[in-house]
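Asker: Chains B and C: place on chain A using the hints.
Protein chains in written order, with this note's numbering: chain A, 1 to 337; chain B, 1 to 298; chain C, 1 to 252.
There could be a bad hint or two in this list.
Said to hold, decoys possible - Here are the computed lysine to any residue pairs in the SDA-like style, where the Cα-Cα straight-line distance is at most 25 angstroms:
1) K119/C / E182/A
2) K184/B / V301/A
3) K115/A / Q287/B
4) K9/C / P38/C
5) K114/C / G106/A
6) K138/A / T263/B
7) K8/A / L148/C
8) K184/B / R89/C
9) K167/C / T24/C
10) K138/A / S228/B
11) K115/A / P95/B
12) K8/A / Q92/C
13) K90/B / T117/A
14) K8/A / D143/C
15) K120/C / M212/A
16) K170/B / A200/B
17) K115/A / T93/B
18) K126/C / R186/A
19) K119/C / V301/A
20) K115/A / R285/B
21) K316/A / L148/C
22) K90/B / M212/A
23) K115/A / D70/C
24) K184/B / N199/A
25) K90/B / K321/A
26) K321/A / R93/C
27) K270/B / N149/A
28) K184/B / T87/C
29) K319/A / E142/C
30) K321/A / D144/C
31) K161/A / Q237/A
Read the hints as simulated data drawn from the structure, not as lab findings.
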Amino acid sequence: MEKRMKIKPSTLLIFLAAAIFVIVIPNTNEGYSMMIVNLGLIYAIATYGVSVMLGMGGQLSFATVSFMGVGAYITANLCSGRNGINMNTALALVIALLASALLAFGAGLILFRLKGTYFTFATIGLVQVSWSFYLSYKPLFGGPDGISNISTLNLFGFSPKNYNDWFYILAAFVLVIAFLVERVRRSQLGRSLAAIRDNEIAAQTLGINVYMTKVVAFTIAGVLAAVAGSLYAMHSQFVSSDMFTYERATTYIIMAMLGGVNNTAGIFVGSVLVTMLPEWLRFMQQYLQLIYGIGVILLMVFMPMGLAGLASGFAKSLKRKLYSKKKVTAGKEGPKQ
Amino acid sequence: MNINTIVSLSVNGIAMGMIYALMAMGLILLIRAIGVMNFAQGDLLMFGAFVTCALTVDLKLPLWIMIPLALISFAVIGVIFMFTVYWPLKDATYPTATVISTMGAAMALKEIATLIWGSLPRSMPPLMKNPKTGKAAVLNLFGIKLQWQFVLTIIVGAVLIWLVFVLFEKLYAGRMMQAAAQDKYAAELLGIPTILTTAATYIIVVIMVSTGGYMIAPIFMVSNTLGSLQLRAFAGVVIGGLGNIKGAIIGSLIIGLVESFSTIQFSQYKDAVVFIVLIAMLLVRPQGLFGEKVADKA
Amino acid sequence: MKPILRLDKVCKRFGGVVAADDVTFSVLPGEVHGLIGPNGAGKSTLMNLISGIYTPDSGKIFLDEQDISDVPSHMRARMGIGRTFQTPRFLQRSSIEDNLLLGTDLANQFGYLKSYFGKKGSDFEKELKELMKFVDFTFDWEDDISALAYGQRKQLEIVRSMLSHPKVMLVDEPAAGLNNKEIDDVMALLNYAAKERGIGILLIEHSMDMIMNICEDIVVLSFGKVIGTGCPAEVSSNEAVIEAYLGRDVNA
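The shape of chain A in the complex, shown without the other chains (with noise of 0.2 angstroms):
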């Protein structure tokens, strides 16, 4: 197939909202402000796992925070010190990423023997299973206390000193990722996840092996989770279980579905905002909860395609508004409008 260059206008205005955002955020944050917003930067990419398999895939898994243990306790072992191991960062980070693509692939060829709900409650399975050692199994996952004194990210002699450095290494961390899952979406992996989502038995009569299709696309979310457990674990330089429990897995989901879970601009947009409400509307701490369930309710019954299918239902009318439709003969050159 051809390939088309074409740049579409929304593309470019999530390009141009994408780079003001580079360029405002650490202008105008610093210290603790700008940490948060690191953090919505590395759910994010923990989201975007959630993006794969239940936006691509439509199998709804609460497994991304055992991958990000993982990837955070690997993390944490290698770079704390403890037990007298004090590797290079990035070589752990690499290390965590092999790691958890295995146990991911292992783990999916388990729990996909099963389908639908059924599946989903067997990741629930996972995360109490995983949740348990990180809580408890002192030796790996330093008990209650957690593990602290993590080093930070060391990227070829790059170190940041702050904060405002982190920003830019998680912002081109994301960028990049951001890509490869548009990319995923764009290759054969993502319309084949895309038929199983839609009917199964459809997509096993277009020669996609069904079962192994989603193994992969929960390998690649499990890796994903462990990339941003290990960035997690390196920025705040301490690790402990609260962040692994099936509440948080809860809330990357609703992340997901908030920004628009097949999306990939609305991953980030959902991630950042979930993680920055509670700062905004700290003036009403007591309630924020109360307002974040029915948020959650009101959101599903008013878009449940999220903040990018408002986005992308606006655009459409405007566009049936500017032009007046043409319709093209495919094949002749390309796709049209």
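Answerer: Showing chains B and C alone in chain A's frame:
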């Protein structure tokens, strides 16, 4: 391990298993009726515990007023829950939306409970007290000492499960409700209003789950973390087999027992043991204990 | 000529219902083979058996003289069994382009990694252009599939299946819900698939016009049993067939 320990651990396990079974059975009734998972099941239980605690401790109502009042409030909660969390989404094009909205409901319930009753755990007196000491009554069975509260939980749970089971499997009204759930269009044609059967299902489910909350309140403290018990009920459903009520009940009892006996060796890893059993089970028999392998509908 | 698809004594029961009873027939390459019968005769079940959604209780299915009875559904698709459904099954929230690309993906069979790193396979645009000659409508392929009318979607499903280069194509009621012009287009497309591409087509259809027009050979099913085979003229004068139709559903 002597016989005493074994019996009392079994009783504890079965009592907890009953609580999980109440939630698990409710889950399956909802899945059958509306085809949707309820991730707020545990928080409904928590809410039930708080409501009964308020009626008993704050208002000091005697049992014979407390019980009907509690049942009415459970029914009201059920109807409100249905109309806020499920009804607006019943025609949702995106099926996951309905599931996610129950997650939102779980957060909201937790927070409403905290706003009304505060964030400190509350204690609830046991149903049967020793008249002399005022402490929880103990049943002495052939020299084996058992907490009455556990025994009562088993009895109440079993009776409730049996009643609902009879209602849904044996009585005409229950069968009609299931038929209505399976084929909404035909049901409407036959003049069975889906809104009523759905509401009835929600009321029954919330009453079951909240009663579970009431029974468990004296065993644990009443706090907004009770909701996490639902995870065990989920495990029970999976172990039992897909969509099978009997299986879910037995699965939940197994979970209760595994949890209870695992406290001897590895109390820290109670959760892990329960869910490792679950995952091992899935490896051996992915369709669950009572599930059958069903071919996909083409 | 060797048959491209052959069913040998295929049986399938659902509970007490016999959906396929000792079904034996074969489809030659480049042939349009009709599969007809009253409603509930087991035609769709047979398609599901061939494409591997159900496994037969007994009997064997051969593709290109290779036994595929135990091959999983997706592998059968990769070996060259394409199919369309009574109601077209597309990705509802994806663009027309993505929907059609699924066909090319199946033809390429790269695996996800090669596809991810941009390996190019069969020429999607060129092939699509060729196939779109037969259908008489245009579209903006960034649109959602729901932008198309029902009849257009049904035609596009055949196009998608052809993009995957099948050896055998199972086509389930392509004419239902289409207007006369669209039916003609579908027939032209199926004829092209059989004659120019050499695809063996198994066609379920209730429109006798279409069956009589383009089928070289016909199998008639009733209650899961083959009650008649032969060319259109033979079948339409077969006593058992007439009885089965008149006795049940004249319309069919």
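Asker: Against each hint, give a clear statement of whether it holds in the structure.
Answerer: Results of checking the hints against the structure:
1. K119/C / E182/A: holds (17 angstroms)
2. K184/B / V301/A: holds (21 angstroms)
3. K115/A / Q287/B: holds (10 angstroms)
4. K9/C / P38/C: Holds, at about 21 angstroms.
5. K114/C / G106/A: holds (22 angstroms)
6. K138/A / T263/B: Holds: K138/A and T263/B sit about 19 angstroms apart, inside 25 angstroms.
7. K8/A / L148/C: Holds, at roughly 23 angstroms.
8. K184/B / R89/C: OK: K184/B and R89/C at ~23 angstroms, within 25 angstroms.
9. K167/C / T24/C: holds (19 angstroms)
10. K138/A / S228/B: holds (24 angstroms)
11. K115/A / P95/B: Satisfied, since the Cα-Cα distance of roughly 15 angstroms is no more than 25 angstroms.
12. K8/A / Q92/C: holds (22 angstroms)
13. K90/B / T117/A: holds (18 angstroms)
14. K8/A / D143/C: holds (14 angstroms)
15. K120/C / M212/A: holds (23 angstroms)
16. K170/B / A200/B: This hinted pair holds, its Cα atoms lying about 16 angstroms apart.
17. K115/A / T93/B: holds (20 angstroms)
18. K126/C / R186/A: holds (20 angstroms)
19. K119/C / V301/A: violated (41 angstroms)
20. K115/A / R285/B: Holds, at about 13 angstroms.
21. K316/A / L148/C: holds (16 angstroms)
22. K90/B / M212/A: violated (32 angstroms)
23. K115/A / D70/C: holds (22 angstroms)
24. K184/B / N199/A: holds (22 angstroms)
25. K90/B / K321/A: violated (32 angstroms)
26. K321/A / R93/C: With a Cα-Cα distance of about 22 angstroms, the restraint between K321/A and R93/C holds, given a limit of 25 angstroms.
27. K270/B / N149/A: Not OK: K270/B and N149/A at ~30 angstroms, beyond 25 angstroms, violated.
28. K184/B / T87/C: holds (21 angstroms)
29. K319/A / E142/C: OK: K319/A and E142/C at ~13 angstroms, within 25 angstroms.
30. K321/A / D144/C: holds (18 angstroms)
31. K161/A / Q237/A: OK: K161/A and Q237/A at ~13 angstroms, within 25 angstroms.
Violated hints, in rising order: 19, 22, 25 and 27; the structure is consistent with all others.
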